[in-house]
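Engineer: Each chain, written out:
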Amino acid sequence: DVKVTQSSRYLVKRTGEKVFLECVQDMDHENMFWYRQDPGLGLRLIYFSYDVKMKEKGDIPEGYSVSREKKERFSLILESASTNQTSMYLCASSPPTGARYFGPGTRLTVT
Amino acid sequence: GENVEQHPSTLSVQEGDSAVIKCTYSDSASNYFPWYKQELGKRPQLIIDIRSNVGEKKDQRIAVTLNKTAKHFSLHITETQPEDSAVYFCAASIGPNTDKLIFGTGTRLQVFP
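Top line first, the protein sequences correspond to chains A and B.
Note that our numbering gives residue 110 to position 110 of the first sequence, counting from 1, and the numbers run on in steps of one.
Note that our numbering gives residue 211 to position 100 of the second sequence, counting from 1, and the numbers run on in steps of one.
Think of the hints as simulated: they come from the structure by calculation, not from any bench.
Among the hints, erroneous ones may be present.
[As the list claims (entries may be wrong)] Keeping only pairs whose Cα atoms sit at most 30 Å apart, straight-line, the calculated DSBU-like set for lysine-lysine is:
{"no.": "1", "chain 1": "A", "residue 1": "18", "chain 2": "A", "residue 2": "3"}
{"no.": "2", "chain 1": "B", "residue 1": "148", "chain 2": "A", "residue 2": "71"}
{"no.": "3", "chain 1": "B", "residue 1": "179", "chain 2": "A", "residue 2": "13"}
Using the sequences and the hints given, assemble the complete structure.
Structural biologist: In structure tokens, the structure reads:
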């Protein structure tokens with residue numbers, strides 16, 4: 001059974017802080033993703049990675065960066081958190097078939 | 112850019128009735144169409160997917176149909192049960208590559224006993 005875990009379920013940060021969200025998968029998947037989920041907007045892709053040290057921008061990369069130093073770990077970084085980044089963040093991994101296996105999500109509040 | 116439209120945004124049905132959720136997509140090269148179910152407070156989970164070389168796929172009470180000409184696909188749930196209550200998301204690949212999916216905005220399904 002695929003397991004995707006995220007470092008925090010809930011996080012509260014102040015404006016301007018640097019924020020790290022971490023994701024780990026245990027199925028040796030090449031592809032990993034970071035999505036943002038907001039009511040009425042569905043799931044929007046921030047960044048994805050198809051291999052270690054490889055990354056590609058998604059639909060809404062502004063204000064975010066990512067790091068993938070090991071195959072099983074994909075980190076999302078908010079360099080300077082802003083209130084409009086308050087959201088639910090979902091990590092996912094995927095085998096070549098394309099199915100996404102999601103983590104439990106991190107609800108980030110920036111005050 | 113490419114987009115996926117999903118309707119309706121909310122759907123209420125009586126237990127035992129059928130529910131249908133529809134999505135349209137814009138990229139004629141899309142060839143992978145998954146559906147995800149997200150229960151309250153939980154992560155989205157894949158419930159069924161279809162590829163462009165088939166027109167219909169069924170798994171017990173759920174089925175997905177695809178009309179490539181019209182560029183739309185639908186999720187059908189028969190004999191609905193209260194545990195079907197959730198938010199459902201459709202998605203379509205951008206082009207033939209499944210690396211990128213565009214998700215619909217979701218449908219909140221409520222099944223009343």
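Engineer: Next step is simple, just say for each hint if it's right about the structure.
Structural biologist: Hints, one by one, checked against the model:
1. Pair hint residue 18/A plus residue 3/A holds up; C-alpha atoms about 27 Å apart against a cutoff of 30 Å.
2. With a CA separation close to 27 Å, the supplied pair residue 148/B and residue 71/A stays within the 30 Å bound.
3. As the CA atoms of residue 179/B and residue 13/A are separated by approximately 45 Å, the hinted pair breaks the 30 Å bound.
Of the numbered hints given earlier, the model fails hint 3 alone.
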